[in-house]
Amino acid sequence: MFLAWKEMRRNKTRFLMIGIMFVLISWLVFILAGLGNGLTTLAASTFKNMAADYVVFEKGSQASMGKSLLSGELTDELLKIPGVEAASPMGIIMGSAVRKIDDSHEAKLDIAIIGIEPGSFLEPPVAEGTGLDAGRPTYAIVNETMKDEGYERGDTFALDGTSVSLTIAGFVRNQTYNHVTAVFIPIDHWRELAFAAPGSDKGIRNPVNAIMLQGKAIDPETVNERLPGTETVTRAQAVQGIAGYKEESGTIMMMLGFLFVISAFIIGVFFYVITLQKSNQFGIMKAIGARNGFLGKAVISQVFILSLLSIVTGVLLTYGTAAVLPEGMPFILDTTWMIAYSLILLAIALLSALATVRTIVKVDPLQALGRVE
Amino acid sequence: MTQGLEMRAVSKYYDAGSERITALDRVSFKVEPGEFVAVVGPSGSGKTTFLSIAGALLRPSEGEVLLNGKDISKLPDKELADIRLREIGFILQASNLVPYLNVMEQLLLVKRMAGKITEADKTFAARLLEELGLSGRVKNYPEELSGGERQRVAIARALMNDPSVILADEPTASLDTRRAHEVAALIAHVVKSHHKAAVMVTHDERLLSYCDKVYRMEDGRLSPAEPVPVA
Ligand SMILES: Nc1ncnc2c1ncn2[C@@H]1O[C@H](COP(=O)(O)OP(=O)(O)OP(=O)(O)O)[C@@H](O)[C@H]1O
Ligand SMILES: [Mg+2]
Numbered sequence: 000m001f002l003a004w005k006e007m008r009r010n011k012t013r014f015l016m017i018g019i020m021f022v023l024i025s026w027l028v029f030i031l032a033g034l035g036n037g038l039t040t041l042a043a044s045t046f047k048n049m050a051a052d053y054v055v056f057e058k059g060s061q062a063s064m065g066k067s068l069l070s071g072e073l074t075d076e077l078l079k080i081p082g083v084e085a086a087s088p089m090g091i092i093m094g095s096a097v098r099k100i101d102d103s104h105e106a107k108l109d110i111a112i113i114g115i116e117p118g119s120f121l122e123p124p125v126a127e128g129t130g131l132d133a134g135r136p137t138y139a140i141v142n143e144t145m146k147d148e149g150y151e152r153g154d155t156f157a158l159d160g161t162s163v164s165l166t167i168a169g170f171v172r173n174q175t176y177n178h179v180t181a182v183f184i185p186i187d188h189w190r191e192l193a194f195a196a197p198g199s200d201k202g203i204r205n206p207v208n209a210i211m212l213q214g215k216a217i218d219p220e221t222v223n224e225r226l227p228g229t230e231t232v233t234r235a236q237a238v239q240g241i242a243g244y245k246e247e248s249g250t251i252m253m254m255l256g257f258l259f260v261i262s263a264f265i266i267g268v269f270f271y272v273i274t275l276q277k278s279n280q281f282g283i284m285k286a287i288g289a290r291n292g293f294l295g296k297a298v299i300s301q302v303f304i305l306s307l308l309s310i311v312t313g314v315l316l317t318y319g320t321a322a323v324l325p326e327g328m329p330f331i332l333d334t335t336w337m338i339a340y341s342l343i344l345l346a347i348a349l350l351s352a353l354a355t356v357r358t359i360v361k362v363d364p365l366q367a368l369g370r371v372e
Numbered sequence: 000m001t002q003g004l005e006m007r008a009v010s011k012y013y014d015a016g017s018e019r020i021t022a023l024d025r026v027s028f029k030v031e032p033g034e035f036v037a038v039v040g041p042s043g044s045g046k047t048t049f050l051s052i053a054g055a056l057l058r059p060s061e062g063e064v065l066l067n068g069k070d071i072s073k074l075p076d077k078e079l080a081d082i083r084l085r086e087i088g089f090i091l092q093a094s095n096l097v098p099y100l101n102v103m104e105q106l107l108l109v110k111r112m113a114g115k116i117t118e119a120d121k122t123f124a125a126r127l128l129e130e131l132g133l134s135g136r137v138k139n140y141p142e143e144l145s146g147g148e149r150q151r152v153a154i155a156r157a158l159m160n161d162p163s164v165i166l167a168d169e170p171t172a173s174l175d176t177r178r179a180h181e182v183a184a185l186i187a188h189v190v191k192s193h194h195k196a197a198v199m200v201t202h203d204e205r206l207l208s209y210c211d212k213v214y215r216m217e218d219g220r221l222s223p224a225e226p227v228p229v230a
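Protein chains in written order, with numbering that gives the first Met the number 0: chain A, 0 to 372; chain B, 0 to 230.
In case anyone wonders, no lab produced these hints; they're calculated from the structure. Just so it is clear, the structure is predicted and the values come from calculations on it, not from any experiment. Each hint should be verified, as a subset may be incorrect.
To be verified - Partial list, derived from the structure: chain B residues whose beta carbon lies under 10 Å from chain A: (1) Ile20; (2) Leu50; (3) Gly54; (4) Leu56; (5) Leu57; (6) Asp76; (7) Leu79; (8) Gln92; (9) Leu96; (10) Leu100; (11) Arg111; (12) Phe123.
What the hints assert, rightly or not - Partner residues are not named here, just some residues of chain B that face chain A (Cβ under 7 Å, in silico): (13) Gly43; (14) Thr47; (15) Ser51; (16) Arg83; (17) Leu84; (18) Phe89; (19) Asn95; (20) Val97; (21) Tyr99; (22) Met103.
Said to hold, decoys possible - In the EDC-like style, the derived pairs of lysine to aspartate or glutamate whose C-alpha atoms are separated by at most 16 Å in a straight line are: (23) B:Lys110 x B:Asp120; (24) A:Lys361 x B:Asp76; (25) A:Lys5 x B:Glu104; (26) B:Lys77 x A:Asp363.
All residues carry an ideal CB built from backbone N, CA and C; glycine is no exception.
Extracted from the complex, chain A is given alone in its bound form:
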């Protein structure tokens, strides 16, 4: 620490430059992570926040809601399977909500219409208003982002392309599906909307898209054996099955991965060059008795101080950015991930410092005697 700190104090500009570079890298990492997190949340928050453990799809549907069609009557049979504590059907269609502004203008909003059984474990708790009621099939609970669009409790909106209208009974939090606002309605009513066209239910009784299961001890194999024509996956796998989800999160993860590789190189090369520049000093100090360990510790603690300060600054800047970003921007900071990425960056820096320690070991104290130029 003695050497590390003294040197940084004496060469403020140089270390400030490296620090700024490091801050920018960590800032970029955090922003990208926040954006990725925001996007995937938008794509799947309804699924992610759902109190279900497993999802039963139609066989061959690749865990995709849109491709899967099952009979809701399977629910009763599922309940008989060991490990299944609760089962509840669900269906999703995409649509638009239409609101009249004046006689010649209307505002449209993309929504995901999700049918669930009122009062089941799939119904999210309302933050405001009342929940679903099978006796009031046209009353919906909607994601609170609809408030930003001017909707209020008790408002009625039409569904584009249909003669159906829904009334807002209450608002729920963090419920989006495929990047759009989730609107929950009783599943019986949902069925009327989803299979309005004759024959679109393929003759299945009580058709739904999937059945969600609760129960940690469920064995998907058993379910598949008992109910041929079904395919049971974990909730996490079902999230992966959401259209575009895998591609989107994959792209962001790839960018993050590249960013880590790039930062490893940049940081590594920087520390390496700095250490090389100082090889003369290291030679002198070795000549007067410094051990490799003493110099190595100095370099590593210097990198540690510098990286820590830079990463903390990066974190602060990221929270600052989050505060000024527009409301609708899908940007969510997850503390656990922030800590994880910080630690990865710190590890990268320390590893590159460790690599430069090898350079120090190679410095010959003889060069201090002016023989080696």
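Here the structure of chain A is known, so what remains is to put chain B with the ligands in place on it, guided by the hints.
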């Protein structure tokens, strides 16, 4: 037990391709506490090699190097570093200070390498700096010092670990005549006042008057030189 530094039939060979260069050829030599010895000789004669072996920077190919009676010629690197840290004071050519440490810190660094810095160390460092006329420059950085002052700091640093022997490799190489005399005189002074054995390698024959003995190095062979006429 012999105090100071002694070499017994020390040889050093370098392998340069197929050739074998004899940099030191059976050198025997001795310097005692309170004695200031100079080694002169033409370029390439082996002076730096000699000093490196004396200073535990290099192991000889043959022969013994006794520091306070202990043979250090076959010790591993780590222990050699320890010997340098505790037993040897180096005064190197110009710019051998650490650029980002102030004068006081240059001295304390030596103690820091060996462990913790104590109050006694600070007092000792301050006394050394005073002795070398640097009291007013304690907080200055190397770039703010003149060449002569830098070498005085280097002398103080060489004394900081209370070494058995002080080794100086062309300590006046980058100084003008007046400063060179000043530095040589100061080394001679601390050798007496701290009762240290000291060896100085130099090109500058005018400085030999400060030394008690003069040796001449030629083709790796060391021999006593004629006593120099006092200037
Ligand atoms: N690492 C090495 N490998 C091969 N030969 C070397 C090596 N170091 C020194 N030599 C050779 O050993 C001889 C003595 O070198 P040394 O540096 O001790 O001379 P010097 O008296 O200090 O010269 P100068 O006055 O120019 O500094 C020279 O011939 C030199 O070329
Ligand atoms: Mg030399």
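For this session: With a cut-off of 7 Å on the beta carbons, see whether Phe89 (chain B) makes it to chain A.
Result: With Cβ-Cβ at 5 Å, under 7 Å, it holds.
For this session: Under 7 Å, Cβ to Cβ, is where Val97 (chain B) needs to be relative to chain A, so tell me if that hint holds or is violated.
Result: holds (6 Å)
Problem set entry | Evaluation of the interface hint that places Leu96 (chain B) against chain A, nearest CB under 10 Å | Result: holds, 8 Å to nearest chain A Cβ.
Problem set entry | Gln92 (chain B) as chain A interface residue, shortest Cβ-Cβ below 10 Å | holds (5 Å)
Exercise. Are Leu84 (chain B) and chain A close enough, Cβ to Cβ, to be under 7 Å, as the hint says?
Worked result: holds (3 Å)
Exercise. If you take the shortest Cβ to Cβ gap from Met103 (chain B) to chain A, is it below 7 Å?
Worked result: violated (11 Å)
For this session: Go through the hint on Phe123 (chain B) and say holds or violated, using the shortest Cβ distance to chain A against 10 Å.
Result: violated (16 Å)
Problem set entry | Per-residue hint verdict: Arg83 (chain B), partner chain A, C-beta under 7 Å | Interface hint status for Arg83 (chain B): holds (4 Å vs cutoff 7 Å).
For this session: For the hint on Gly54 (chain B), just tell me whether its beta-carbon gets within less than 10 Å of chain A.
Result: Hint holds; Gly54 (chain B) Cβ to chain A Cβ min 8 Å, cut 10 Å.
For this session: Could you check if Gly43 (chain B) really has its C-beta closer than 7 Å to a C-beta on chain A?
Result: violated (11 Å)
Exercise. For the hint on Leu50 (chain B), does the least C-beta distance to chain A fall short of 10 Å?
Worked result: holds (7 Å)
Problem set entry | Cut-off 7 Å, beta-carbon criterion: hint that Asn95 (chain B) touches chain A | Asn95 (chain B) check passes; min Cβ-Cβ to chain A is 5 Å, inside 7 Å.
The structure fails hints 1, 12, 13 and 22 (numbered hints given earlier, in ascending order).
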